[in-house]
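Undergrad: Sequence order for the protein chains is U and V. Its first residue numbered 1182, the first sequence is counted upward by one per residue in the working numbering. Its first residue numbered 402, the second sequence is counted upward by one per residue in the working numbering.
Rather than coming from a laboratory, the hints here were simulated on the basis of the structure. One thing to keep in mind: the hints can contain errors.
Said to hold, decoys possible - In the DSS-like style, the derived pairs of lysine-lysine whose C-alpha atoms are separated by at most 30 Å in a straight line are:
{"no.": "1", "chain 1": "U", "residue 1": "Lys1223", "chain 2": "V", "residue 2": "Lys412"}
{"no.": "2", "chain 1": "U", "residue 1": "Lys1186", "chain 2": "V", "residue 2": "Lys458"}
{"no.": "3", "chain 1": "V", "residue 1": "Lys458", "chain 2": "U", "residue 2": "Lys1252"}
{"no.": "4", "chain 1": "V", "residue 1": "Lys458", "chain 2": "U", "residue 2": "Lys1223"}
To be verified - From chain U, some residues computed to sit far from chain V (all C-beta separations above 12 Å):
{"no.": "5", "residue": "Leu1192"}
{"no.": "6", "residue": "Pro1263"}
{"no.": "7", "residue": "Gly1264"}
Claimed, not checked - Output of the computed footprint for chain V on chain U, the stretches with three or more beta carbons under 8 Å from beta carbons of chain V:
{"no.": "8", "segment": "1194–1202"}
{"no.": "9", "segment": "1218–1224"}
{"no.": "10", "segment": "1273–1282"}
Ideal Cβ placement from N, Cα and C applies to all residues, glycine included.
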Amino acid sequence: QQQVKQSPQSLIVQKGGISIINCAYENTAFDYFPWYQQFPGKGPALLIAIRPDVSEKKEGRFTISFNKSAKQFSLHIMDSQPGDSATYFCAASRETSGSRLTFGEGTQLTVNP
Amino acid sequence: DAEITQSPRHKITETGRQVTLACHQTWNHNNMFWYRQDLGHGLRLIHYSYGVHDTNKGEVSDGYSVSRSNTEDLPLTLESAASSQTSVYFCASSGAKGDTEAFFGQGTRLTVV
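Using the sequences plus the hints, can you model the full thing?
TA: Written out as structure tokens, the structure is:
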């Protein structure tokens, strides 16, 4: 049972474009929603995270939008760059579970020059 | 600098053999996790530990075991390796609070032939 569903599986955008990755979750007990970025041959690394008490969080070119009623959240990458080409994972956890993360399936992003 | 290291980085083993993957962190984190990464499934939790002598089963724990004898190490053992366990394995650690960053190792690519 996949508790966090992520789409699309792969995404190709042109340099300077906007990349959008969507996730939906089932467990309403989740209260922490991070996005991880993974480059080939490396482990995932935290990119940005949000708590459900806010609807949006922005850090530089990266923004999380959160819709609690729809149980959905998304990552927007503005002005996408070739260096952003990586695999992106959304995840969810409960604060009481000590960062025990449930991951989405992953999105392979390619940004063409 | 604090870090989390996995060894070996690559391993080929035969079906039926016992295999142990090492994970060592110098963050002094209480929480440690093992995930496996497979295409189309994202990262799935195998086992986790919230402290010394504490171990818990994750989503895909069958055929795997862990032990936590100190804060720094959480070795993952495949009791009798199977081809279905061919995967990339990631170890992670985090602080006690649920909304803190989880730090991942570089991964171990295991092939069972």
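Undergrad: Could you tell me which of the hints above the structure violates, numbers in ascending order?
TA: 8
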